Every structure is written in structure tokens, then in C-alpha cells.
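Novice: Below, each chain spelled out in residue letters.
There are 8 protein chains.
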Amino acid sequence: MSEREWRVYLAGEIHSDWRQRIEDGVREAGLPVAFTAPVTDHPASDDAGTGTLGEEPESFWRDHMGAGVNAIRTQTLIRAADVVVVRFGDKYRQWNAAFDAGFAAALGKPYVTLHDPELDHALKEVDRAAQGTARTPEQVVDVLRYAIEGKLP
Amino acid sequence: MSEREWRVYLAGEIHSDWRQRIEDGVREAGLPVAFTAPVTDHPASDDAGTGTLGEEPESFWRDHMGAGVNAIRTQTLIRAADVVVVRFGDKYRQWNAAFDAGFAAALGKPYVTLHDPELDHALKEVDRAAQGTARTPEQVVDVLRYAIEGKLP
Amino acid sequence: MSEREWRVYLAGEIHSDWRQRIEDGVREAGLPVAFTAPVTDHPASDDAGTGTLGEEPESFWRDHMGAGVNAIRTQTLIRAADVVVVRFGDKYRQWNAAFDAGFAAALGKPYVTLHDPELDHALKEVDRAAQGTARTPEQVVDVLRYAIEGKLP
Amino acid sequence: MSEREWRVYLAGEIHSDWRQRIEDGVREAGLPVAFTAPVTDHPASDDAGTGTLGEEPESFWRDHMGAGVNAIRTQTLIRAADVVVVRFGDKYRQWNAAFDAGFAAALGKPYVTLHDPELDHALKEVDRAAQGTARTPEQVVDVLRYAIEGKLP
Amino acid sequence: MSEREWRVYLAGEIHSDWRQRIEDGVREAGLPVAFTAPVTDHPASDDAGTGTLGEEPESFWRDHMGAGVNAIRTQTLIRAADVVVVRFGDKYRQWNAAFDAGFAAALGKPYVTLHDPELDHALKEVDRAAQGTARTPEQVVDVLRYAIEGKLP
Amino acid sequence: MSEREWRVYLAGEIHSDWRQRIEDGVREAGLPVAFTAPVTDHPASDDAGTGTLGEEPESFWRDHMGAGVNAIRTQTLIRAADVVVVRFGDKYRQWNAAFDAGFAAALGKPYVTLHDPELDHALKEVDRAAQGTARTPEQVVDVLRYAIEGKLP
Amino acid sequence: MSEREWRVYLAGEIHSDWRQRIEDGVREAGLPVAFTAPVTDHPASDDAGTGTLGEEPESFWRDHMGAGVNAIRTQTLIRAADVVVVRFGDKYRQWNAAFDAGFAAALGKPYVTLHDPELDHALKEVDRAAQGTARTPEQVVDVLRYAIEGKLP
Amino acid sequence: MSEREWRVYLAGEIHSDWRQRIEDGVREAGLPVAFTAPVTDHPASDDAGTGTLGEEPESFWRDHMGAGVNAIRTQTLIRAADVVVVRFGDKYRQWNAAFDAGFAAALGKPYVTLHDPELDHALKEVDRAAQGTARTPEQVVDVLRYAIEGKLP
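If you read the sequences in order, they're chains A, B, C, D, E, F, G and H.
Residue 47 in the working numbering sits at position 47 of the first sequence, and the numbers go up by one each step.
Residue 143 in the working numbering sits at position 143 of the second sequence, and the numbers go up by one each step.
Residue 22 in the working numbering sits at position 22 of the third sequence, and the numbers go up by one each step.
Residue 37 in the working numbering sits at position 37 of the fourth sequence, and the numbers go up by one each step.
Residue 49 in the working numbering sits at position 49 of the fifth sequence, and the numbers go up by one each step.
Residue 43 in the working numbering sits at position 43 of the sixth sequence, and the numbers go up by one each step.
Residue 10 in the working numbering sits at position 10 of the seventh sequence, and the numbers go up by one each step.
Residue 87 in the working numbering sits at position 87 of the eighth sequence, and the numbers go up by one each step.
These are computed hints drawn from the structure, not numbers from a lab.
Note that this is a predicted model, so its numbers are computed, not measured.
You may find that some hints are simply not true.
Below, a list of computed lysine-lysine pairs in the DSS-like style, where the Cα atoms sit at most 25 Å apart [said to hold, decoys possible]:
(1) E:K109 - E:K151
(2) B:K109 - G:K151
(3) D:K151 - C:K91
(4) H:K151 - H:K109
(5) F:K151 - B:K109
The task is simple: from the sequences and hints, build the whole structure.
Specialist: Right under this line is the structure:
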């Protein structure tokens, strides 16, 4: 069997260390994974438009410009990914995470959700279109290990 | 010019009368529109799985079954639509609305968002991929009139 | 809301009356559904090639010719369907039913499986890619009623 | 002419040594092939869901979880493959093999079936959509040698 | 079962009455078929460019203009067809018939070839990608009757 | 042969009567064509955003809003069209006409350009991807008559 | 996070040094970008057809041949690109730039426009479908740095 | 500008040295091209089925088996190619060459034809969908040099 590099996009929440925990777990497991993600520096993400394309006094258009620049990154990387992980935290509305899940679903790209049981009912459509729902980053590592190497922890 | 029937899918919030107001406005304007929507009866929607495919004691799987049955309707109708309107209200997390927007975006299907300015920053990615953001159902009617008949109110 | 005709393809087992029961239930429920199906006359289906394109002494090629002619019907109708129902009975191997399910899945077309619990483990991949698993034709009618009219039985 | 690495996915039966025989034959022939396959460790495959995402007492949902995790692997690798080989053995129902064939067919991806003549009639639809039907792993090696290097054995 | 109108495109040879014979047979059989075809008036087809878009003295460009105008018709109708019939006669090279077959094949659209056995070897690639090879227009009628109504002659 | 209604989208210049001349010619010829077009009322088109979605003081964003609302109409109708006609006049830059041509080309949708010879060199890429270049609206009518009925004028 | 090479296609104006400035800026920033572009040698581009495929006295067909050969390059590279930058200068009509933008938009490929504010109104449709509008090559570098590395200047 | 390897598939005639001449010319020009092609050993190609999958007495099915095995190679390589060259010689009917051209056209893949002027009228549809028509292998080399390096000979 060939050693294939898997491309995994880590979408969603940017206020906890879940990406780091997945990357650490994958590195320890020695899995051939190339991770990608949205920009996780919140202030940079908010200034993505005005910080590159110039000033804009109106907040709606400032956000609009920023979201456009961010989409260059996110849509390119989601299209290029083999698997997407979509994390929902307990704060903020995180509609972009659900948007990314719908985007992946329409492309026929498998994704896994990662969130606490408290969010289950609200996320039922998003979870249904996923290939699985994990509760911890470590479970995501286990899913990736199985998908890539066929081994259980 | 031919009179073409436009298929418009009304996604999102199910706790206010915004769909009715759009349908009323479109009827008054005499526009050739066939509307579709998710099931807006909240209890029916929650029981979509167990009410059709049988009992299920676990809430996670009950939701899972229901979301599958709902997806037969929603994904079929979104794929069949010319235009999607995505409404975000001020209550609940409404991740399915954002999911539908991402689904439409990946299919290259034009959509319009409908929400209050308070939600602008949280919805910036969803608004950016839309063809426009409306604040009232009447504005959506105006957009449809323009798109279909080329007339401003 | 518009009255849309739904196209439902009934794939799989041809040795019981499940199609008739679904069609009867849908008619009683007054749902706007146009059903399609593979040829369910088993001898005709087996002779589809030699009965149209000429004699063939070798059984492998006779089957090959017949399967080609049948595929004109089945692939056209599956591509044209909104929803597919895939029935697995308790006899025969029914690999064509599973093939049709995989074909629908790759096209992003929603389908529902219909089979007894005894087959659950063997059909787990096929069920996973479905939007739901029904046990009786009446449950399929309930799913269609819900998907089309948003009503529970 | 360039030396291109071919990606070949080996779908289906997991209870005999056919994959090993194809890989051995391809290595002896010196063909540039990278093989992929589903997880062939049957117990691991059955525990793919509960072994990664947590306990589940109900067998239907246990299978459902497992099939979801397996699908991350199988659908990713089938989409990434140039050619698929689909093996049907003489035991079990192997509906997932037929599902994979239908999935490949709908994607326009060429596949070869591998099975005994006893299964010909039952597999006629699956064979018809294939580019060829082999009886032995060695014949599959011959097909790959021809497709890749243009040489007959 | 619903009565669905099937769209059948009749590609290829324009020097014999095969289209008329298929249409007559289908009408006698009472099948719901809407036929389309390329322009079969040879002189008109040759003048399709200069007769509409203006004079052109060079024969290469005259053909080029004509083929462009013909393609508006042929590609639109092939894309809109459910099934394509591709006829190869015993005269001329008929490369456009083979081109249409390749075009249909890449779109995943089922087609049937119609030609004498003398052409079998030369047409083997074109026949292989077809769902069947007929020898007479009447056999094509039989295939359509079976595909549409599930009945053998 | 069936009478099929052809959907023709008339893109480009909005300052001369070319659309009317094509529609008149098609009506005189009795062709089954349903025409669609962008909004050709220039002031309405410029106000498409602010006239429906609310005030906007900045001209860049006013244009941005208007172009979004216009795109709901144009992209929907181009996707729904069988054939596109793209007109370039002698005034203005008409980049949206070239944009529509590129959009149609990437979708594999046949289009015809309509412009004077003075623009030939500047439009060479746009003309190359077209199925033909007409100089007068009457020539476009002739092309449509040929494509639909197979008759030369 | 993995270091991924981004493929960026630089479309449009060929009479100023904007491409060089973007490439210089990207090299200084150390970004992993592989740039592609149309042929920017204007005389070579005009002779692309006759310089390779032979003489042609008529200017329309000379342009036609040249545009065909150029399209081999441009369409291949646009399809292969992650991101497209489309530059409009203040001279010439540059319809090919707008054509490329429409082509990219229909493929769902993100692009950025680059032009002076004087062109804003004429380019509103092209800008609307873009992910952003830059005024200077340095802003494009900033957008690429952000999209690739998540850093603001 | 990056050095990108171009994948060029050489379809069609297998009885003259045109492929070798193109490969020689490309090597001399130092172009980064990886060539692929169908199997050009005529006897091997005719035995592709029986030489790999077993005996078959009937010539129709022998050809059918062979064409299936050949299609694994040809369709995989055409899908993977950036550019296709389609050669028509003066002997044989070469319908597979026209089939490959139609296949490439439907995929939106650019191709160049290579043939003598005597075949122009018969090949007009195939030439029309091409990006250019060459008369000699050296012209094809010139086209590739231009497409890849932007230089005329």
C-alpha cells in the first residue's frame, strides 16, 4: 500500500487549542497529514480587507472586504482538502463554520464535526451530513489514524 | 421577453412571519414565483425521523434520523431553486441556515441574506458569498421584482 | 407554496409488492409523485438484450447485452429522479440495488433504503450514505409525505 | 513517453489473498502503481466507529458510526484513484463492493470486476458498467500491465 | 408509473431513411418520444455558415463557419437528450458521428450504435462505450420500447 | 421531429435596438424561442442595489450592490439558456458583455457574438470561443432559424 | 501547518510592469507562489496562429487562429490556478481580461481585480464577482501574503 | 514564471512516425512535456482483451473486450492531459480518433488536430471544436512551444 499524504482542513472555532491538539496527536501518531486552516489570528482576520486593500469607514463594507480576502484562503483550501474537520465551540455564533460544512457537503467532500453534546440539537443538520461527530480532538486523531492507516487506537 | 416561472427557496428562521410577508408581496406584485421552503412546523420538523421511520430513544439519533428526512426535502428543493433567500432571526443559533447558504454557494446558486444589522459582523462570511443583504422582507420582494421584471419599486 | 411534482425512482427487489404498496399509499395520500422503476418483469429483463438486439448463444454476453439495454432505462431514470428508494429483499444477492445506491450517492442524490433488520449489518455502508432506512413501504410513504408536504402521518 | 504513477483502488472482498497476489504480480512486473484499499482487518472495520468516536449500545447505530468513518477512507481513495478493481468472493453479500462499483461508475471512473463465473448472472449490471471482468488476480495484473505499459504478458 | 416523454437524439448518417424508419416504428408503438437530430439536408448543412453569417471564399473557413453554426444545434440537442442513437452508414467517413459518440460518452449519456457488422472492428471503441449495438432501425425501436415501457416486441 | 422551445439570452449592449430586431425577425420567422436578457433600462440597472436594498453613499459600494442584484438575474438566465448572443456596440467598454461570454464559455454553453468588423481584433479571444460572429441582428435570426429548423433564409 | 505552493494566474493588461511588481513583492515576502500568465509579448501574441500553423491572408481568420493557440495556454493555466488576478489598464478595451474573469467566475475560482477607480463603474459586474479589488500591485502582494500566510503587512 | 510540466496526449493514427517527430521536436526545444498515448502496437491493441482476460471466439466480443481494456488507458490519460493532439492519417477510418476528440471537447479540454487538407471537409466538425489544425508534426511542436514558453519558432 502506498503512503499518501492526506490534506485535512481544520474549520471553525479559533478561541481554543483544539487545532494544536489534533496536530500534536497526528504528529505523535506519525500520520502523513498536511493540515490547513483559516487564519486563526482574530484581529488579523477582522482586518483582512482593510489591512490589504485599503481603508473603509463603514463596518459593513469593512467586514465585506475582509470576508472576501479570507474566502480566497478558505475556499481554495477546502476545495483542495481530502477531509474537513468542523469545530463548534460554546461561544459566538460561528456561522462561518456551518457555512464551511454546507460548502463541503455540496462538493461531496467528507467532513467530521467536533463539538459538545450540548450543541447536538442545534447542529443536527450539520452533523447529519457529516461522516461522524467527535467530542474531543483526540477522537479526531483516532478517526484520521483509522482513515489513513486502518488502525484503531 | 418570455414569462418564466422563478423558483425561490426560503431558507432559515421559522419563528416569524417573514415568509408570509415575502409571499404576500410577490403576489401583490404579480410576479411569477414558485416558492419552496423547509418544513416550518417546528414540532413536526423535530419529529421528522421518529414520526416516519419509527421510535428511537436516544436524542442524538432521533435528531440524526429527523435531519436525514428533512434533508430529502431541503437539498432537493435547494438544488431545484433559481434563487435562495436565507433568513437569520435574532434567536437560536440557526446553523442550518448558514449550512444552506454554504451549500448554495458551492453549487454556484445565487442567494440573498435577510437579517438585522446587529448580526452583520457574525454573518460576514455568509453575506460576502451572497448577492445582497436585505433588512426587510419587503426589500426581498423588491429584489425579486427587479431580478424578474427589471423594475424598481 | 407551489405544488411541485416529485420524481421518485423505486430501485431494487422485483419479487414482492412493495412498489405497489408505496404507489397505493402515495395515491391515497394525494401526493404529487411521478414514480419510475426498472423493468420488474424478470423474464423480460433477462431477455432485454437478445429480445431487442438479436440472438447471442453465450450466457455471459447475453447478460451483458441485456444489462446494457436495461441501463439505458435505469441510469436515465435515476439521473432524472429527485429521490431514490432502494429495496433489499431477503432473497437473491441484489447487487444491482447496491450498485444503484452507489450511483445515486456519487451524484449527490438523496435515497432511502427499505429492508428488514436482518440485513442491517451487511448493508451498513449502503444505509450510511442514505438519508434514512425504512422497514415497511408505509414508512416510505410517510417519508415522502413529510418531504413533500411537511406533514407527519 | 512519461512514467506516470497509476493509482489503483482495490475494492471488495476482504477474506482471501487476492490483493496480495495483485500487488505481488505488479511488483514483479515493475509497474508504477500505488495501491489503496479499504481497511481489510474485519474486526477493526466493524469497530471503526466505536473504536474512535465512543461507545454505542445499539447495533444499528454502531454500524452506522463505523460505516461513516470507513467512508472517509473509501470515498476519498476512490475519488483519488485512476482505476478501481472490484472483487466479489463466494461468501457474504458484499453489497459494499457493488456500492463502490456504482459510485465509480457515476464518477466516470474505469473499473474492472474480479469474480468467478458462478456470479456472472447476479453481477450482470455491475459487470456491464465495468471495462472488463477478470477471473484471477493474475489477469488483473495483465490488464494493468497493458493499460500502463501497453504490453501483453 | 408516470408517462414521461423521452428525448432521443438521432446522430450520424444522413443519406438513408433510417431516421424515418425509427420514427415510424416509434409512432406505431405509441411511445412517448420527442426526436431531435442534426440538419439532414446535406447542401443546407454545408452552407450553414455562409448562408447565415456571410460570404467566405476559403473552403477551410467556409467549413469552419458552417460547423460552428451546426454545433449550436447539435451540442444543444445532445446535451438535452436522454438517449442518443449513432448511425454509421457504409459510405463517407462520418467522423462527426464518432465525435458525437465521444461527446455523449464524456457526458455520461447513454447511446446506442447502429451499423452493419462490416464496420464492427473499425468501430470497436465507439461500440464499447455504447449501451448496445443495433443492426436495423427496427432493433432501435425495440430497444426504445423496452427502455421506455419495459416490453419486448 | 419535436417542436422544442429554445431559450436564448441576449447579452451586452443596451443602447441600440438590436434586441428588438432579433425578436421581430424571430417572430416573423415563427421560431419557438423564449428570449431573456439583462435589464436594459440603464438608470434602473444603475439603481438596482440602492433601489431595492437601501441607500449607500459611496459610489463603489452602490455599484457593488447593484451589480449583485443584477447578477441574480443575469447568471440565472445565462445558466438557463440554450444559446447566448453577445452584442458589442461601438460605445462604452462593455466589459460585462465579455464577462458574460467567458461565463458562458466555461459552462460549455454555445454563444454567438454580434459586432462590427472594427472591433474584430480587440474581440479576437471572445470571438474564438464563440460558435460564430454575426454583423447584423438579421444574421443572428438566420443562425437561430438554421439551428432550430435547419433552414437557410 | 503545511507549506503549500499556490498557483496564481496573472490575467489582463500587458503594457505595464504590474506583473513584475507582484512577482518582486512576492519573492521579497518569501511566499510559495508559482505564477503563470498569458503570453505578454504583444507581437508574438498577435502572430500566435500564423507563426505556428501557417500563413493566413485574412485578418479575421489570422486573429481567429492566434486566439485559438493562445487559448490553449490561457484556459489550461486558468483551470490549473488557485487564484486569478485580473488587471485592467487605462488603454485598450481589454475584453479578454473580462472574458477571463467570467471564465474564472463560472468555474468557482476566486479572483482579484486590479485597476484604477476611474474604471470602477464600467467594471462593476467584474468587480462584484471578484473576492476583492486592488488599486496597486503591492496590494495584491498583501492579499496573497494574507491568503497564504495569514499575515498582514 | 514557474516551470510547469505539461501533459500532452497524442491520439489517433498509429501507422506513421508523427508521435516520434513531435517528441523529438519537443525534446530539441527543451520543453517540459510529459507525453502519453494509446497503445500504438496494432497487434497488441487488437489482442488487449483476449491477451489479458482470456479467450473469446466471437470477433465482436473479442473486439469488445479489447476496447474495454484499451479504454482504461485512453480515458484515464485523456482525463489527465492538459492538451490533446488528434492525428488523422490517410488510411483507415480512425473513428476512435474522432471519438477521442468528442470526448475531449465535452470535458472542455483543448485539443489540436493534425491532418492533410484533403480531409478538411470530412473533419470540419472535429476541427471546429479544436483550438487549431496543424498540417505537420513540426507545427504541433511550434504550437506547444508557444503555449508553454510563449515563443514563436
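Novice: For each hint, tell me whether it holds in the structure or not.
Specialist: Quick rundown of the hints versus the structure:
1. E:K109 - E:K151: Holds. E:K109 to E:K151 sits at ~22 Å (cutoff 25 Å).
2. B:K109 - G:K151: violated (31 Å)
3. D:K151 - C:K91: violated (43 Å)
4. H:K151 - H:K109: holds (22 Å)
5. F:K151 - B:K109: violated (37 Å)
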